Amino acid sequence: MDKLGQEWVSAAVDGETDAQTMAELSADTHSHDKWHNYHMIGDAMRGELPQNIVLDLSASIAAAIELEPAIVAPKHHASNVAAPVTPQIAANAQQSRVVPLFKQFGQYAIAATVAMFAIVGVQNYNQSADDAASPSPVLITRPLIGSASPVSLQTGPVQQSQGYTNDQVNEQRRRINTYIQDHMLQQRLNTGAVVEDNTEVIPVPVNQ
Amino acid sequence: MRLILLALLALVFPATAQEDMPAKAWLEKMSQALREKEFKASIIQLQADHIRPLVYLHGKVNNQEVAFLEYLNGPPKNAVRVGNRVTFIEHDEPAYSIVSNHIQGVWPAAFSANMADLEVGYQFVLGGRTRIAGRPGQMIRLLPNDEFRYGFQIWLDMETYLPLRYDMLTQDKQLLEQIMVIELIEFSEPPAILQEAYKQEWPAVIDQAERQDGQNWQFAWLPAGFTVVVRDHHRLIGSHEAVEYIALTDGLANISVYVARAGASPLPEELITRNGLSLVSEKVGNAEVVAVGKVPTQTLTRIAKSLTLE
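Protein sequence lines, in the order shown, are assigned to chains A and B.
The first sequence begins at 962 in my numbering and counts up by one.
The second sequence begins at 401 in my numbering and counts up by one.
Chain A on its own, in the form it takes in the complex (with noise of 0.2 Å):
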């Protein structure tokens, strides 16, 4: 972003700008952050900021979005900001195993936030697939693949369910988690929805 630019910003946030620029502003991501950080100065500035506050918190999130700008799933640990780029690049990599099945649909422009859930979520399942005695029944856990077959010595299912090779695994991951991705996009666009109307059907794009 150009020094040009960023006096955009600042003059939004004081609200100097007229209509126009402002669409063109908003329409630029880059500057995204860049608003809320003069939004925080300004606040600091008149001195609205509670005490103890968020100032570190932003400034660790810039400093995380610079060092990372392919960040796509969401980090678990915040810690990391401080820590050397290596081992977030083995995190990457950890990651990008999935990551790029979501590159794919361009002709959505909503899916990176729900992709996140989408992924986060199956992962944690599939992590402790085999852990099926749990008494959790907030995590109940199945074999991801085939049928689900009763705890006991009835070995034929979970036999034939590892005949799956690793790309049938692989891609029933990939159906699973179109398929949360578009339930969770869908919760978006329906909302206009549901409030009125029950035979009255939005229509909203769906493709582009």
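Bear in mind the hints are in silico, worked out from the structure with no lab data behind them.
In this text the structure is predicted, and so the values were computed from the model without any measurement.
Even glycine gets a Cβ: it sits at the ideal position worked out from N, Cα and C.
Please note that a few of the clues may not be correct.
Now the stretches of chain B that chain A is said to cover, found in silico as 3 or more residues with beta-carbon under 8 Å [said to hold, decoys possible]:
| # | stretch |
| --- | --- |
| 1 | 627-637 |
| 2 | 654-660 |
| 3 | 670-680 |
| 4 | 685-695 |
Fit chain B to the supplied structure of chain A, relying on the hints for placement.
Just chain B now, kept in the frame of chain A:
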């Protein structure tokens, strides 16, 4: 003396009025407060092992509701609502707008709508009081009327009636999701940022031409209170797979039902993620019915099995 007594009565009366207020009245006050108050709430959202901090501002400018939601961690992600239009501003995509009078992602849409709609599926029960975000809060339980949906607990600020905390619970009282206010500030006039948002020109609502009507799928059975809100056919994100789509809701729980050609690799019959989102799949001939939603898997299975084409 009589005057003093009257004055005392006048002082005591509002307190007793709150004392006697039934749960539904509390919820109605909440719905009204969410639509009419000017406030800023700093919120954390807990889902499985994720904690996400966010800020929500709401006010009225020129008699139009204006709201702003910002996620504070990670890449910038905001949503702005002016009247019936919600614009999403995200780090990796151009901003876009949709028609909606609710920003999805904080409180459920039903909280600011008509509470009577929820009565079919839930019972409102007054709970205890506790302190949240430094404010006294009154708890209201939304107990599910049957085993087909999850329950909720809401804590309301006793002064403003704004929600302070919201829990989603399984039948065994396991926490699935929690939204908690950590700081609530009420304003007497809309905050500057909302006035700015109102003045701004936001991208036009995305083209509405392409949501085509779906087939006339019918459900032989639905849990009480669930109705169809949307049906269409579209392509899934990423896979571009064509699906018939039906959205169901009882106000709080949202279910998506998809009908598609069965894929090469079968989906699991059921799956539950840790934030309570369930997915079930049901094979019918060479088609596949997939149901997704934050309800028990048994509900989804039964709904998927009851789908028929007229």
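Exercise. Return the numbers of the hints above that this structure violates; sort them in rising order.
Key: Nothing - there is no hint that the structure violates, so all of them hold.
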